[in-house]
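*Asks:* Sequence:
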Amino acid sequence: MKRFWVLICLLILLSSISANAFVTDNTAIDQAISIGYYDQDPAYLANLMPLSKSDPSWNAFVREHSRWTGQANILTGLIHRAWGGAIYIGVPKSADEARNLALSFLNTNIGLLKISTEDLVLVSSRHGGHHWFVDFKQQYRGLDVFGSMISVRISDWGNVVLFQCDYLPGINISMTPALTSLAAQNSAAFGLVSSVRKTSEPSLIVLPLPGADRFDYRLAYQTNVTTDQPACWQTIVDANTGHVLYRKNIIYYETVDGYLSGKIFPTTPFDTLITLPFEYHNVRIAGLDTLDTDTQGFFSADVPDSLLRRLDLSMSGLYVKVKDSTSTQPALVDTIAPGDTLHITWATPQASNDERNVYYHVNVVHDFIKAIDLEFVGLDFPLPAKVNINSTCNAYWDGASVNFFAAGGGCTNTGEIADVIYHEYGHGITDYQYRPLSPSGAQHEGWSDYTAASITNQPLIGRGFYTSGPDSYLRTVDNTNRYPENWTGESHNDGLIIAGALWDLREALAPRTSYCDSLWNFARYGHSANYQDYLVDILEYDDDDDTLYNGTPHWDQIMPAFDLHGIHPLDIITISHQPLGDTMDTSNPYQLTVNLSFTFTPPNRDSVFVNYRTGNAGPFQLIQLTPTANPNEYAGAIPAQPLGTLVEYYISVVDISGRVITNPVTAPSPTFFFIIGQPTTQRADSLERASSWIVGATGDDATAGVWTRVDPIGTYADSVPHIPYQPEDDHTPAPGIYCYITGQQPTGNPDNGANDVDGGKTSLTTPLYNLSAYDNPIIEYFRWFTTTRNVDDTFEVQISSDGGTSWSPVEILTSIENSWVRARFLVDQVISQRSQVKLRFSASDKGSGGIVEGGVDDLTFYSITLTSVGGERGRGLPTSYALHENYPNPFNGRTEILYDLPKSSDVTLSIFDIAGRLVFQNVTPNQSAGTHSIIWDSHQAGHDLASGVYLYRLQASDFSASRKMLLLK
1 MKRFWVLICL
11 LILLSSISAN
21 AFVTDNTAID
31 QAISIGYYDQ
41 DPAYLANLMP
51 LSKSDPSWNA
61 FVREHSRWTG
71 QANILTGLIH
81 RAWGGAIYIG
91 VPKSADEARN
101 LALSFLNTNI
111 GLLKISTEDL
121 VLVSSRHGGH
131 HWFVDFKQQY
141 RGLDVFGSMI
151 SVRISDWGNV
161 VLFQCDYLPG
171 INISMTPALT
181 SLAAQNSAAF
191 GLVSSVRKTS
201 EPSLIVLPLP
211 GADRFDYRLA
221 YQTNVTTDQP
231 ACWQTIVDAN
241 TGHVLYRKNI
251 IYYETVDGYL
261 SGKIFPTTPF
271 DTLITLPFEY
281 HNVRIAGLDT
291 LDTDTQGFFS
301 ADVPDSLLRR
311 LDLSMSGLYV
321 KVKDSTSTQP
331 ALVDTIAPGD
341 TLHITWATPQ
351 ASNDERNVYY
361 HVNVVHDFIK
371 AIDLEFVGLD
381 FPLPAKVNIN
391 STCNAYWDGA
401 SVNFFAAGGG
411 CTNTGEIADV
421 IYHEYGHGIT
431 DYQYRPLSPS
441 GAQHEGWSDY
451 TAASITNQPL
461 IGRGFYTSGP
471 DSYLRTVDNT
481 NRYPENWTGE
491 SHNDGLIIAG
501 ALWDLREALA
511 PRTSYCDSLW
521 NFARYGHSAN
531 YQDYLVDILE
541 YDDDDDTLYN
551 GTPHWDQIMP
561 AFDLHGIHPL
571 DIITISHQPL
581 GDTMDTSNPY
591 QLTVNLSFTF
601 TPPNRDSVFV
611 NYRTGNAGPF
621 QLIQLTPTAN
631 PNEYAGAIPA
641 QPLGTLVEYY
651 ISVVDISGRV
661 ITNPVTAPSP
671 TFFFIIGQPT
681 TQRADSLERA
691 SSWIVGATGD
701 DATAGVWTRV
711 DPIGTYADSV
721 PHIPYQPEDD
731 HTPAPGIYCY
741 ITGQQPTGNP
751 DNGANDVDGG
761 KTSLTTPLYN
771 LSAYDNPIIE
781 YFRWFTTTRN
791 VDDTFEVQIS
801 SDGGTSWSPV
811 EILTSIENSW
821 VRARFLVDQV
831 ISQRSQVKLR
841 FSASDKGSGG
851 IVEGGVDDLT
861 FYSITLTSVG
871 GERGRGLPTS
881 YALHENYPNP
891 FNGRTEILYD
901 LPKSSDVTLS
911 IFDIAGRLVF
921 QNVTPNQSAG
931 THSIIWDSHQ
941 AGHDLASGVY
951 LYRLQASDFS
961 ASRKMLLLK
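Quick note on the working numbering: the sequence shown kicks off at 1 and runs consecutively.
Among these hints, one or two may not hold up.
With a straight-line Cα cutoff of 20 Å, these simulated PhoX-like cross-link-like pairs (lysine-lysine) come out [stated by the list, open to error]:
no.	residue 1	residue 2
1	K370	K321
2	K198	K263
3	K263	K323
4	K93	K198
5	K370	K263
6	K198	K323
7	K386	K323
8	K761	K838
Estimated spans, in silico, between C-beta atoms of each pair [said to hold, decoys possible]:
no.	residue 1	residue 2	range
9	Q458	A331	31 to 37 Å
10	D775	T574	32 to 38 Å
11	G581	E817	15 to 21 Å
12	S808	P642	30 to 36 Å
13	T272	G948	35 to 41 Å
If you're looking for bench data, these hints aren't it; they were derived computationally from the structure.
Note that beta-carbon positions come from the ideal geometry of N, C-alpha and C, so glycine has one too.
Could you put the whole structure together from the sequences, leaning on the hints where they help?
*Replies:* Structure representation (structure tokens):
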């Protein structure tokens with residue numbers, strides 16, 4: 001695969017913040033050189049994999065410290081993050097003690113981490129909530145290594161509960177740049193449309209560029225370029241070529257809501273002005289030091305005489321200093337006499353509405369964060385707040401001030417909107433919590449939205465933004481947006497995912513909403529750069545025994561809220577099962593075992609079932625599987641069956657969050673199956689001879705790695721040489737050598753991605769087959785699928801019953817299976833007509849930066865004559881109409897709906913959401929009498945369906961019945 005270099009978006013400079021506007025600034029986006037990987041594009045997860053059980057050092061660590069888990073970085077082979085049971089190292093009493101204990105822990109585990117602590121420089125050692133957060137960065141010969149972060153989390157009880165090791169190994173580069181500092185400054189400004197005002201002095205860094213399977217290290221200059229847009233571009237330039245590798249606007253544009261002491265708007269510019277006290281306001285009285293009002297707006301001072309004194313006010317206080325962008329500044333002058341109480345009200349014309357509003361509401365949000373986190377002092381200074389800026393429809397945080405635009409263009413003055421002010425100040429909170437690091441842009445936006453929603457105790461953001469009226473708003477945190485389905489790469493949109501999860505958690509914890517505020521805030525001290533790590537940080541804060549594997553006090557509220565938005569700690573229940581093979585045994589039950597693996601989401605021990613049926617029809621019967629003496633192993637048996645019986649089955653389990661997990665994941669159609677008897681081979685194609693297979697299909701757009709029939713040349717991972725990407729041999733026993741693969745590796749080329757799938761999809765279609773003469777046909781094939789991105793790359797198998805005009809899904813793989821795997825399915829489970837059958841195999845590279853390889857071999861067709869149908873077929877024809885409960889219910893994607901017809905009928909099955917909107921309908925004219933079923937896949941509804949209650953209704957002749965079912969995602 002051609003190399004696609006991406007850049008880790010860790011936060012380096014003290015002012016580093018990614019650009020985010022309440023209304024997207026397309027000009028800034030056009031000038032940016034962005035790398036989605038580090039802004040938490042779904043590709044982020046591609047470089048993470050479970051820690052290898054084959055790593056001796058990790059196995060030794062787990063033996064000594066039980067219940068630890070985590071992920072490794074594929075590109076480095078080192079640990080990314082690990083967490084688990086408590087490891088006592090001592091109780092720190094200060095930041096220095098915390099640093100020393102952290103270094104001692106790192107040195108103790110040097111063999112596991114594979115780092116040199118001599119390369120580490122302390123970034124911060126700070127306390128938040130009930131943890132010490134100790135962060136180091138890596139240096140190479142005195143230069144900062146971009147993207148490095150080595151962290152140790154220590155609880156107040158003295159236990160290490162989490163550590164992170166984003167250490168970059170194997171750096172060996174020249175430290176002599178070909179470019180001068182001045183040349184780097186000139187290169188940094190290349191391509192910018194706006195006029196450049198200044199460029200900061202560049203500094204040399206080591207830049208790791210992630211490739212498909214390893215890092216390439218570059219000597220680079222880092223600088224900031226300020227333009228008239230306004231914009232400040234954080235820029236990284238190759239120190240040898242002058243190429244701009246990365247450019248990001250670090251000014252934040254956002255909406256802000258605010259109030260001033262005096263006459264202010266409580267919520268929107270459409271409200272009636274009300275008078276409220278100024279808190280923390282500077283008061284200057286002649287002859288005295290500057291005073292500050294208290295939280296009720298009062299001030300007092302001792303004076304040496306009874307003379308009248310001049311009082312001067314400008315719009316400034318302990319935590320905010322308001323400045324009008326015009327030449328007129330807010331000012332109020334009066335006199336005060338000793339012994340009198342002077343009542344002063346900010347109003348027009350001394351100060352404009354936006355000046356008063358911003359002052360008041362900045363203090364509201366400052367009080368909000370101090371009530372949660374008294375130790376947070378990052379914004380305990382007079383923050384500049386600029387109002388009446390000569391532009392419209394926006395507001396922004398620029399790393400040093402909050403800024404609000406004048407009314408115009410159909411928008412109100414953003415300094416007169418309360419939640420816009422809260423949102424922008426929220427960027428400042430996040431910025432100062434993270435410095436010198438930074439979260440993803442989506443986290444920045446989502447957390448600012450949550451700040452505004454929590455203060456206002458309602459979910460709408462930007463209320464009164466448009467001049468159309470007070471009911472206008474921009475977005476809501478009460479949503480069902482999911483990761484990665486609703487991810488677009490635009491930070492405001494993507495921030496709604498995490499904001500939605502936090503809002504749902506807040507509602508689940510009600511009336512203890514303040515505890516959700518604590519979870520939101522203190523988890524951020526973990527300096528996560530993605531949603532999954534942030535969830536783990538929330539769980540760590542909620543934990544009360546330094547052991548996550550046994551859950552946390554508010555687990556049942558946290559996990560469902562985040563799961564609803566597609567965020568989980570990269571850990572769900574995995575069902576491992578060796579499918580039962582065909583047998584001639586008609587006397588003994590068919591024993592089966594399954595193994596469940598999990599870290600955070602254990603199963604309901606009473607919810608592990610094998611679901612089976614015989615005869616390829618009727619409802620599934622449930623048999624509960626029971627735990628064995630082996631950890632996480634369950635066993636049970638399917639009753640013995642007569643010769644000639646077809647048994648379909650699948651495994652299901654419900655986790656403690658209520659999610660239904662099945663194996664196969666496509667169940668209840670297709671399923672596992674086995675036959676009591678011997679199926680008959682009807683035809684086989686080992687691919688040893690060329691035939692009329694077709695490479696390519698409408699919609700294919702892959703630029704490399706197109707299907708080809710060859711004797712394959714194997715390729716292997718650089719970091720883990722025993723892991724194959726492309727097979728070395730086909731599946732057919734010797735002397736067979738040929739199979740279809742996605743692109744042959746060029747002989748002698750060391751690049752293991754030299755001819756893998758790139759840039760899109762490639763398809764392979766079989767010849768046309770007539771299976772109409774086969775009894776209960778079975779199709780078997782062997783497949784190979786490698787992906788280094790377990791996010792959006794796929795291997796899809798489809799079947800057509802009409803010669804390729806339309807296609808039905810058989811299976812979709814999204815995770816690696818880099819070996820020859822046998823797959824088979826019952827044709828009648830998927831299609832009803834068999835005279836014009838084709839199969840299509842498609843491999844897709846939908847992202848970037850990963851390796852995708854596919855393979856197909858040994859296609860075989862079987863048939864089986866069923867002498868015993870069993871199950872529902874043994875009951876004869878139904879005597880009345882009936883609509884049965886769907887199974888499984890609840891379900892998380894696919895479910896089966898059964899119904900009975902006593903006579904031939906015109907049948908309509910409809911599915912509606914809770915609001916009565918039709919989401920699915922199947923019409924079958926003159927359907928025969930009997931028991932019938934429909935498999936409904938909610939993912940094929942044409943749009944993303946939210947979790948919730950759905951109604952399904954059967955209409956047949958004059959019969960009508962409805963039932964409810966619950967979709968959980």
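*Asks:* Take the hints in turn and mark each one as holding or not.
*Replies:* Status of the hints after comparison with the structure:
| no. | hint | verdict |
| --- | --- | --- |
| 1 | K370 to K321 | holds, 18 Å |
| 2 | K198 to K263 | violated, 40 Å |
| 3 | K263 to K323 | holds, 18 Å |
| 4 | K93 to K198 | violated, 44 Å |
| 5 | K370 to K263 | violated, 25 Å |
| 6 | K198 to K323 | violated, 23 Å |
| 7 | K386 to K323 | holds, 5 Å |
| 8 | K761 to K838 | holds, 19 Å |
| 9 | Q458 to A331: 31 to 37 Å | holds, 35 Å |
| 10 | D775 to T574: 32 to 38 Å | holds, 36 Å |
| 11 | G581 to E817: 15 to 21 Å | holds, 19 Å |
| 12 | S808 to P642: 30 to 36 Å | holds, 31 Å |
| 13 | T272 to G948: 35 to 41 Å | holds, 39 Å |
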